[in-house]
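> Chain order of the listed sequences is A and B. Counting from 948, one number per residue, gives the positions in the first sequence under our numbering. Counting from 948, one number per residue, gives the positions in the second sequence under our numbering.
Hints were generated in silico from the structure; no laboratory data involved. Careful, some of the hints might be misleading.
In this list, chains with the same sequence are indistinguishable; a pair is considered to hold if it fits within one copy or across any two.
Derived DSBU-like pairs (lysine-lysine); straight-line CA-CA distance at most 35 Å [to be verified]:
hint: 1; residue 1: Lys1072; residue 2: Lys1092
hint: 2; residue 1: Lys950; residue 2: Lys1092
hint: 3; residue 1: Lys950; residue 2: Lys1072
Number of protein chains: 2
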Amino acid sequence: MDKLIIDARLNEYTFREPNPNVPYSPNEIARDAEACVAAGASIVHYHAREPETGAPSSDTGLYAATARAIRDRCDAIVMPTLGANTVTDLDARIGHVESMAADAATRADMVPLDLASLSLGMWQKGMDEVRGDDLVYYNPIGTLKALAARARAVGALPMAAIWNVGSLRLLEAFCETGVLPNTIFAELFTTEGGLISGHPGTPAGLQALIDFVPARVDCVWAAACYGANALGLAEQAIEQGGHVAIGLGDHPYLELGGDPPTNARVVEAVVEIARRHGREIATPAETRARLAAR
Amino acid sequence: MDKLIIDARLNEYTFREPNPNVPYSPNEIARDAEACVAAGASIVHYHAREPETGAPSSDTGLYAATARAIRDRCDAIVMPTLGANTVTDLDARIGHVESMAADAATRADMVPLDLASLSLGMWQKGMDEVRGDDLVYYNPIGTLKALAARARAVGALPMAAIWNVGSLRLLEAFCETGVLPNTIFAELFTTEGGLISGHPGTPAGLQALIDFVPARVDCVWAAACYGANALGLAEQAIEQGGHVAIGLGDHPYLELGGDPPTNARVVEAVVEIARRHGREIATPAETRARLAAR
């Protein structure tokens, strides 16, 4: 089996309640990235946040300062996010990644591409209505082609974010037609905590994605869960040769006990599972080499 | 097991090549509906089409004339479609159904509600690019709530069209919050023939929907496949207590041999499978009673 690739999902748009260890500022993110890489992560994924308030930011300066601060401290594969999910203008979605590419110290190694349009309904048992009336994550085929081309033009590897079985069929179509490279890192997202657009974060929910990973693609897939503890899914992925994307951006992980955990502690928990299954851990250099294959 | 409910999907936007038996005009559709009900269908689903050319039509007069012609001939549960898939204006989507309700002879018994927004990518092996750059089937949560409310206000039962696992989670959320009734007819769509937005029309593709039908909903689910022969999936559904939605709108069914088949011949093929499995066939009255349960 491939060595285990761990993507540390550092902060998303998550706030510091209930876990105060979610990083916001470039330096906080970079310190977390360094600790996660030391613990076994090879990819670090971040969203720019206002350093004081944690408010979502689309400031190119913050994105670039974060990438630079990460590279000052460690050898991580740097994956900033694209423009926020209800933005449809291409420049607003990927302009910061193009600007960052002007300097080797600030460039993005990888960017996520969500291979689906979705109605972003929010509901869980006990709620008296489904929320998100107007929220549609709008990713037309043409937009995805353009984002992939613009990312690749500045040397950023697309990461395929998979939301459902249709996403996996589109992944195959994009790989077969050259929109995406045939060797690709794909995160199989499950969603909990009220976000019902994806598969549930259960063994069956994840398996119903794994089972449709296209055979003709050299797909380096990872399990992920937004909104719940993903350690069970991580084990399921590790057993089947898959990889893991996990972090405080998705869930506070208070279940780990003691003080609220850091991102690095969550990565360590994944590494412990991997050791039990005899999976070795990929370094950033090994992950880079794996994803450059073919 | 419930008696088998068969929805005859008469014409969609399919043309008469390669099968000349696709009905266009109100009388053609009504004759087909009558023959399908005689063969075992209890629900008939149609799109209004220009009688001569078959061009898609949104003419309320054609929709109403078709419903009236069907009722003149048989007792089918009448399910016209809603406004075409890239229309976002609510009146354009459901106005014809509201107008039809003014007369008992022309009213819709049931209307389909697609519980997902989707990028409508088209690709199959051999194509050098994915088509559908701008095609997004736009069904925000708020739009679906409004369509369900307006349909129910005129006595039309919503049918839940399911495209992926997220659709099934939204179905549960809508049933639990009263947007949809707890007893509901849901068609589990798989897609072939280049439409890659849904699950593949394979046993695994269908099963990965069946497995997520919400247990707390009284979900009367049917297998369907747009773009390929659905008879194998029909058998899979019949074995598991599900129902079947099928017709020339989805596929020409030349595999049945001899002259190109009619819709009624396709329904007969389903009935033959049901007989082999000991499933009885529901009449329109029995289907009505089943869907009125609770």
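> Against this structure, judge whether each hint is valid.
A quick look at each hint next to the structure:
| no. | hint | result |
| --- | --- | --- |
| 1 | Lys1072 <-> Lys1092 | between (37 Å within a copy, 18 Å between copies) |
| 2 | Lys950 <-> Lys1092 | within (30 Å within a copy, 47 Å between copies) |
| 3 | Lys950 <-> Lys1072 | between (39 Å within a copy, 32 Å between copies) |
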